[in-house]
Amino acid sequence: MKPSLFDYVAPRSVDEAISLLKEDSGAMILAGGQSLIPAMNMRLASPSRLIDIQNIPGLAHITVGNGKIAVGAMARHREVELHDGAAAANPVLRAALGHVAHIPIRNRGTVVGSLCHADAAAEMPMILVLTGGSVLVAGSDGRREIAAQDFFQFHMTTSRQPDEMVVEAQFPVLPPGAGFAFEEFTRRHGDYAIAAAGCILTRNGAGAVATVALAACGVSSKPLRLFAAEQILAGTRLTAADIKAAGDAACAVVTAPGDMHATAGYRKHLFASLVRRAVEKAAARAQ
Amino acid sequence: MARGKIKPKLPQSSDDPRVSVKLTVNGEEVTREVSVRMLLSDFLRHELGLTGTHVGCEHGICGACTIVMDGKAARSCLTFAVQASGREIRTIESLADPDGTLHPLQQAFQDCHGLQCGYCTPGMIMNILSHLESDAEIDLSDAGVREILAGNLCRCTGYQNIIAAVRRAADHMAPKAGQE
Numbered sequence: 114m115k116p117s118l119f120d121y122v123a124p125r126s127v128d129e130a131i132s133l134l135k136e137d138s139g140a141m142i143l144a145g146g147q148s149l150i151p152a153m154n155m156r157l158a159s160p161s162r163l164i165d166i167q168n169i170p171g172l173a174h175i176t177v178g179n180g181k182i183a184v185g186a187m188a189r190h191r192e193v194e195l196h197d198g199a200a201a202a203n204p205v206l207r208a209a210l211g212h213v214a215h216i217p218i219r220n221r222g223t224v225v226g227s228l229c230h231a232d233a234a235a236e237m238p239m240i241l242v243l244t245g246g247s248v249l250v251a252g253s254d255g256r257r258e259i260a261a262q263d264f265f266q267f268h269m270t271t272s273r274q275p276d277e278m279v280v281e282a283q284f285p286v287l288p289p290g291a292g293f294a295f296e297e298f299t300r301r302h303g304d305y306a307i308a309a310a311g312c313i314l315t316r317n318g319a320g321a322v323a324t325v326a327l328a329a330c331g332v333s334s335k336p337l338r339l340f341a342a343e344q345i346l347a348g349t350r351l352t353a354a355d356i357k358a359a360g361d362a363a364c365a366v367v368t369a370p371g372d373m374h375a376t377a378g379y380r381k382h383l384f385a386s387l388v389r390r391a392v393e394k395a396a397a398r399a400q
Numbered sequence: 004m005a006r007g008k009i010k011p012k013l014p015q016s017s018d019d020p021r022v023s024v025k026l027t028v029n030g031e032e033v034t035r036e037v038s039v040r041m042l043l044s045d046f047l048r049h050e051l052g053l054t055g056t057h058v059g060c061e062h063g064i065c066g067a068c069t070i071v072m073d074g075k076a077a078r079s080c081l082t083f084a085v086q087a088s089g090r091e092i093r094t095i096e097s098l099a100d101p102d103g104t105l106h107p108l109q110q111a112f113q114d115c116h117g118l119q120c121g122y123c124t125p126g127m128i129m130n131i132l133s134h135l136e137s138d139a140e141i142d143l144s145d146a147g148v149r150e151i152l153a154g155n156l157c158r159c160t161g162y163q164n165i166i167a168a169v170r171r172a173a174d175h176m177a178p179k180a181g182q183e
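So the protein sequences, as listed, match chains A and B.
Just so we're aligned: 338 in the working numbering is position 225 of the first sequence, and the numbers increase by one with no gaps anywhere.
Just so we're aligned: 33 in the working numbering is position 30 of the second sequence, and the numbers increase by one with no gaps anywhere.
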């Protein structure tokens, strides 16, 4: 269980990192390494060159302002989890981060690294989709912003180009008065989700649903927004029948095949329950 | 060809790109030239002879290789030695006094029978130590201690005695009234 050979470089600037990426199509960025190094140890990944970005200044920030939480490429999961400003601005981040592996892994792993790894069962990609966030990408032609919906393409696949590097993730703050919830099921604490659902909703003065966002991970080839279930809930007063209908509709997106952890049928059943719980919990928290 | 003439063409040294690393391990500064792909766990064990850090799964699941890096628990099997350059590492070897007196956390493991085969214990102890020594308050409820231990697998004890050891150590290491 040792990685195959690679070249190692530790650039001092983002521009230098990008030109190193451009030179070598087999190169990969190393941030915290908590997904990449296990993949290398098992030789599932064999990058020809590792570009270690830990010495690049200005990438470890966590800032709250302009309606968003900006998380730099070297900000660790645990730093974001313990950041009181980020938790106040959007508590769904802290709620989900508690499910990301274990504390020693979160001490090293980065949020942006998890987004770029794009595991379809990982929590933080789903939170980016749920909150309607985006990533800021630097390339040879300057910087561009990619919305979460366009960023995640498939298992371990994003729309980042080979000569681009994600320098920041941007999570919108929770809308005023909104309720939130993150519900996940795993066999063991810290595992990737067998299924998970997140919900952010606001209610109008009469108690009806004004806005609602629902998202899922672990059930498909990428993190998903649950648009059909959202449409069912919009404008309702969240009766038990409304919430059940939303859970049933959400099941239609489950395409993950049965595996050693869950049969396809079990995962659908489980996922409907998680969606219902997420909606109920978010509704109770909404003002 | 006569059999005796066949000689294996084994390389005398590896072709791995090498890199110089300089870090502090248990208070001592060390400098080594190592392969860029050398894991920190192997660096500690093979280069420095600190075999108290155990290697279990080598993909971050078991926690046996946990060390403390800049005050925080980390997996040494999921860190390249070169990534640890310039950092401060603590391993299990730093805990007991030179005369063999155990650290309160080690003593608590012994007193509470928190280990059987002992393979997971160095990783357990370094992880718990990072929490006991941090400024953040520790939740000593069952759920709180289990959250701390969640990243360390033990196949012998059933964890109950380890939880007891964490509480005992927290009690012993807490500043006593009047000493602060």
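Just so you know, the hints here were simulated from the structure itself, not pulled from any lab data.
Since this is a predicted model, take the numbers as computed values, not measurements.
Check before you lean on any hint, since a few could be wrong.
[Unchecked claim] Between beta-carbon pairs, the in silico distance windows are:
id, chain 1, residue 1, chain 2, residue 2, range
1, A, THR324, B, ASP19, 52 to 58 Å
2, A, ASP197, B, HIS175, 28 to 34 Å
3, A, HIS302, B, ASP100, 33 to 39 Å
4, B, THR27, A, THR324, 27 to 33 Å
5, B, ASP174, A, ASP263, 30 to 36 Å
6, B, GLU136, A, GLY348, 49 to 55 Å
7, A, PRO170, B, GLU32, 23 to 29 Å
8, B, LYS25, A, ALA397, 49 to 55 Å
9, B, ARG149, A, ALA377, 55 to 61 Å
10, B, GLU96, A, PRO170, 32 to 38 Å
A virtual CB, placed ideally from N, CA and C, is assigned to each residue, including glycine.
Are THR324/A and ASP19/B spaced within 52 to 58 Å by their CB atoms? Between THR324/A and ASP19/B, where Cβ atoms are some 55 Å apart, the hint holds.
Take a look at whether the Cβ-Cβ distance between LYS25/B and ALA397/A falls inside 49 to 55 Å. Hint holds: Cβ distance 54 Å, inside 49 to 55 Å.
Is it true that the C-beta distance of THR27/B to THR324/A lies inside 27 to 33 Å, as the hint says? For THR324/A against THR27/B, whose Cβ atoms are near 52 Å apart, the range 27 to 33 Å is violated.
Take the C-beta atom of GLU136/B and the C-beta atom of GLY348/A, compute their distance, and say whether it sits inside 49 to 55 Å. Between GLU136/B and GLY348/A, where Cβ atoms are some 53 Å apart, the hint holds.
Given the hint of 30 to 36 Å, check if ASP174/B and ASP263/A actually sit that far apart at their C-beta atoms. 53 Å, violated
Taking 55 to 61 Å as the stated bounds, is the beta-carbon spacing between ARG149/B and ALA377/A within them? 31 Å, violated
Does the beta carbon distance between PRO170/A and GLU32/B stay inside 23 to 29 Å, or does it fall outside? With a Cβ separation near 24 Å, PRO170/A and GLU32/B satisfy 23 to 29 Å, so the hint holds.
Can you tell me whether the CB distance of HIS302/A to ASP100/B sits inside 33 to 39 Å? Cβ of HIS302/A to Cβ of ASP100/B: about 35 Å, so the range 33 to 39 Å holds.
Verify the CB-CB distance for ASP197/A and HIS175/B against the hinted window 28 to 34 Å. Once the Cβ atoms are compared, 30 Å apart, the range 28 to 34 Å for HIS175/B and ASP197/A holds.
So the hint says 32 to 38 Å: do the beta-carbon atoms of GLU96/B and PRO170/A match that? Because 34 Å falls inside the window, the suggested range holds.
Figure legend: structure checked against the earlier numbered hints; hints not met, in rising order: 4, 5 and 9.
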